[in-house]
Amino acid sequence: MQVLIANHGAYLSGIATTLWLCLYSGVLTLVVGTVIAGFRVSPLTPLRAFGTAWVTVFRNCPLVVVLFFMAFALPVLGLNASYFVFGTVGLALYTSAFVCEAIRSGINSVPAGQAEAARSIGLGFTQTLGLVILPQAVRSIIPPLGSVLIAMIKNSAIAGAFGVGGDLYMTGTRLSSAQGEAVVPVLIGVALGYLIITIPAGLLLGYVERKVAIAR
Amino acid sequence: MRTGKPTVAALAAVTGLLLTACGGGGGSTEDSKEFTAPVAENPSFEEGTTMAHLAEQGTITVGTKYDQPLFALKGLDGEMRGFDVAIAEIIAGRLGIPADRINWQETPSKDREKYIRDGTVDMVVATYTINDKRDERVDFAGPYYQAGQDLMVRADNESITGPESLRDSDAEVCSAHGSTPSERIREYVDNSRLVLFDSYSKCADALSNGQVQAVTTDDAILMGLVSESDNEFKVVGETFSEEPYGVGILEGDVDFCEFVNKSLRIAAKEGTYQQAWNATAGRVSDRTPELPELRSCS
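Chains as they are written, first to last, in this note's numbering: chain G, 2 to 217; chain U, 122 to 419.
Simulated DEER-style distance windows between Cβ atoms:
| id | chain 1 | residue 1 | chain 2 | residue 2 | range |
| --- | --- | --- | --- | --- | --- |
| 1 | G | L13 | U | N352 | 40 to 46 Å |
| 2 | G | K212 | U | T241 | 50 to 56 Å |
| 3 | U | K355 | G | L13 | 34 to 40 Å |
| 4 | G | A192 | U | E372 | 22 to 28 Å |
| 5 | G | V209 | U | G373 | 52 to 58 Å |
| 6 | U | T241 | G | A192 | 19 to 25 Å |
| 7 | U | S362 | G | V86 | 27 to 33 Å |
| 8 | U | T170 | G | L188 | 31 to 37 Å |
| 9 | G | K155 | U | K254 | 26 to 32 Å |
These are computed hints drawn from the structure, not numbers from a lab.
The C-beta atom is built at its ideal place from N, Cα and C for all residues, glycine as well.
Construct the complete structure from the given sequences, taking the supplied hints into account.
See the structure below:
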C-alpha cells in the first residue's frame with residue numbers, strides 16, 4: 002500500500018481527469034439521450050427513423066470502435082479537436098443510446114390517458130412530452146439510468162487509450178510501467194479510485210430516487 | 122487525401138487495443154535482410170545455467186517491439202528487422218541458436234517488466250532504457266546503445282526548437298504510455314497537454330493529422346519515424362537526456378547477464394556490432410556508435 006501513499010498525487014489527478022471526463026460526458030449524454038428518446042416517440046416518421054437508426058448504431062458498435070472513429074477517423078476527414086473532446090463526445094454518443102432506451106421505457110410506462118388528457122387541453126407534442134410525460138417518466142427510470150451512468154464511468158477507462166491524458170486507468174499504467182511500481186498494488190489503487198467515484202454516484206442516485214419517488 | 126497509411130495504422134490499432142498486437146506503419150520492402158549474426162556451433166555452458174537450458178532447448182523467446190522502424194519492425198512479410206533484432210540475434214547466435222529459431226514476442230513498453238518476470242520471454246531487447254526503478258524489478262545486461270530523448274515535429278514547424286520552447290507554448294506533445302520519455306517531458310508540459318498512446322506509430326499519425334504538435338521519445342525511435350515519413354517530419358535540437366538501452370533479463374540471473382555482456386563485447390571486437398548497426402539504423406544515421414561501457418552484472 003506504500004505505492005498508494007507515495008503516489009497519491011498521481012491518483013488524485015487521475016481521479017480528477019476521469020471525473021471531468023464523466024461529468025461532461027454525463028451531461029451531454031443525458032441531453033442527447035433525452036432528445037433521441039423524444040425522436041423515437043415522435044409522431045413524425047423521419048424523426049422516429051432517425052432515432053431508431055441512432056440507437057441501432059451506437060448501441061451495437063463497440064465503444065472502442067466509436068472512440069477510435071472519433072480519435073483517428075475524424076481528423077483524417079478534416080475535423081480536429083483535442084483528444085479530451087473526442088473522448089468526451091465519443092463516450093457521450095455511445096452512452097446516449099442506452100440513456101435513450103431507458104428514458105423511452107419510462108415514457109412508455111406513463112399511462113396513455115396522461116398524453117390524451119394533455120392533447121385534449123391543447124398542448125402540442127413537445128409540450129405534452131416536456132411538461133406532462135417526461136416529469137412522470139423520470140421518476141421511474143432513475144435506477145436503470147443510474148446503472149447506465151455508472152457503466153459509463155467505468156467505460157471511460159477506454160478513452161484513456163485514445164489520447165485522453167492521464168485518466169485514472171492510464172495513471173495506473175504510468176505508475177506500473179514508466180515508474181516500475183509493482184502491478185497489483187497499483188491496480189488495487191486504480192480500482193479504489195473508481196470506487197471513490199462510483200459509490201458516491203450510486204448514493205447520490207439513491208437519494209434522487211427517494212426524492213422523486215411517487216406512490217402510485 | 123492522405124488516407125492510405127492512417128487507415129492501415131488505424132485498422133492495426135483497433136486490433137492492437139484488443140489484442141495488444143499492433144503494427145502500424147507497414148514495413149519497408151526495399152531492404153532485404155542484410156545482417157546475419159554468426160551462430161556458434163555446439164557451445165558448452167555450465168549445467169543449470171539459463172544459457173545451458175536455452176542452448177539445449179535450441180530456441181529462445183525474445184520480447185521486442187513490432188512497430189519501431191530501424192530498431193524492431195515486423196515487416197508485412199513477417200520478417201523482423203532492426204538493430205534490436207540484430208542484437209538479439211547476436212546473443213542467440215552465441216547460444217548456438219540461429220535467427221530462424223528465435224520466437225519473437227511483441228512486447229509493448231508497458232508490458233516489458235511483466236513479461237520478463239512471468240517468464241513469457243527469456244529476454245527483452247526493445248529500446249529498453251535502463252533506470253533504477255526498473256532495475257529493482259528486472260536485471261539489465263548492456264547497455265548496447267546510448268540513445269537520448271529528442272522531439273519530432275512537422276518539417277514546416279519553426280516554433281518548437283527544443284524542450285524549453287514547449288514551456289510557454291500551448292503545443293500538445295505525444296508519447297507512449299509508460300515510457301521514460303513520457304515521464305521526463307512532464308518537466309516541460311503539464312498533464313493536459315500530454316497525449317499518450319500505446320505505440321509511437323499512433324503518435325506519428327496524430328502529428329500528421331495535426332492533433333499534436335510534437336512527438337517525444339528517444340532519438341533512435343524518432344529517426345525511424347522520420348525515415349518513414351517521406352520528409353513530412355523532422356527531429357529538432359539536441360537530445361536532452363541519456364537513455365542507455367539494455368537487455369532486460371530475469372532479476373538475479375547474474376550468469377546470463379555476464380553472458381550477454383560477453384556476447385556484446387565479442388560482437389564489438391569482431392565487428393558484428395558495427396555491421397548490425399550499419400545494416401539497420403545506420404542506413405539513416407551518419408555515425409556508427411561505439412559499444413557503450415557495460416554495467417557490472419552483480
